[in-house]
Amino acid sequence: MPTVLIIDDNAAIAIALEVLFSLHDIDTLRAASPEEGLAALDRAGATVDLVIQDMNFTADTTSGEEGVALFRAIRKRHPDLPVILLTAWTHLDAAVDLIKAGAADYLAKPWNDQRLIATVKNLLELGQANRVLRQRLQGELRQRRELEQYDLRGMVWRDPATERVIHLACQVARADVPVLISGPNGTGKERIAEIIQANSPVRDGPFVVLNCGALPAELIEAELFGADAGAYTGASKAREGKFEAADGGTLFLDEIGNLPLAGQMKLLRVLETGRFERLGSNRERQVQVRVVSATNADLPAMIRAGTFREDLYYRLNVIELKLPPLAGRPGDILPLARHFLGGAKTLRADAEAALLAHPWPGNVRELKNVMARARLLAADSEIGVADLGLPPAAALPAGAATADAEPDRDAISQALARANGVVAQAAAELGLSRQALYRRMERLGIGRP
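Using UniProt numbering, you'd call the opening residue of the sequence shown number 1 and step up by one each time.
List time: in silico BS3-like cross-link candidates among lysine-lysine, alpha-carbon distance up to 30 Å:
#1 266 <-> 322
#2 100 <-> 76
#3 266 <-> 237
The hints are simulated quantities; they were obtained by calculation from the structure and are not laboratory data.
Please read all numbers here as calculations on a predicted model, not as lab measurements.
All chains should be built: construct the whole structure from the sequences, respecting the hints.
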């Protein structure tokens with residue numbers, strides 16, 4: 001429950017405010033002088049969400065100088081704490097000066113209950129949204145600082161969703177356990193695998209990549225485990241496989257869902273024992289390899305269909321890193337676009353809006369190709385929307401209204417849930433004003449969570 005500190009030497013005023021706020025589930029603290037008010041703030045600290053203060057405390061004084069001094073003392077100690085000034089003696093010039101100095105509102109006695117409650121509730125709601133945002137930003141900054149100690153292999157990102165994946169990748173890199181990276185094609189799964197290798201105990205060992213989807217099924221086993229001469233048609237000499245090449249380092253198996261069942265069984269044995277045999281050989285070989293795999297497939301569905309071994313899935317999936325599609329981490333789009341331009345050219349506002357509006361079915365790979373083409377075709381140093389070659393629907397300016405832009409009941413409910421019931425924050429996410437969101441909530445019969 002939010003708490004309001006009332007600083008007023010008139011007990012009747014303070015009691016009236018207490019009663020009014022209690023009817024709206026708002027707790028109150030009372031102080032009869034500036035000194036008591038500052039002391040109460042020092043004691044209560046962050047539990048006070050708003051201050052309502054009088055402007056005059058000495059009998060027969062109407063200048064408001066005491067209130068000005070108190071307001072400045074509160075701002076100095078608690079610069080983000082909203083303060084409403086309340087006085088029976090309204091001085092317009094003083095009110096304007098204090099509002100410019102950061103006062104939330106300046107109300108005359110006797111006040112209008114409805115206006116006062118509306119003002120208080122809006123300020124409390126805004127304060128809660130700001131605290132949530134501040135905590136989130138502080139968490140992101142702290143995480144960024146933690147990531148500075150790691151080798152991130154030149155990874156470019158800005159979105160919190162990507163940062164969470166990177167942070168987890170750095171955390172698990174030091175543990176000698178298999179990691180499964182899931183996500184659509186073109187999202188950067190191999191770069192995450194490189195980060196794991198670069199921060200692992202085998203960082204100085206080889207980093208070997210095998211795309212299981214780029215080879216015929218009959219050749220994948222030979223690529224993984226090697227083959228002796230004559231093991232299959234065309235094998236004129238012995239060759240080592242990827243496991244031998246990755247000994248003492250990391251083997252990255254991309255598109256692991258394409259591995260045939262026979263190869264899955266052999267891979268499971270290597271993961272459990274570190275031993276394998278080349279095709280056409282009976283001699284066991286021993287390796288020490290960190291396996292990181294990746295897939296864009298629904299492996300649980302493949303298990304149900306009988307095309308992927310359940311025991312292998314759980315062996316590979318000791319830790320799973322889920323990399324969202326580019327459209328699911330929009331904060332990365334413009335930083336990546338500028339990175340791919342290499343500083344040679346800049347983006348105009350219409351191009352930025354088009355990039356943010358495009359759904360990016362090809363993810364980061366598609367963005368890289370779009371920027372390479374735009375860099376070549378743009379006639380001057382600025383890239384406009386026409387240079388991108390994106391579908392016309394993606395070229396809508398940011399914030400343009402369409403018939404489909406009106407949020408429905410589910411969208412509003414989900415936004416409120418993500419904002420923990422803070423209407424101001426949910427409204428900002430939906431691109432609405434707080435009042436507009438309230439109207440839609442009332443029309444759709446949506447209550448506060």
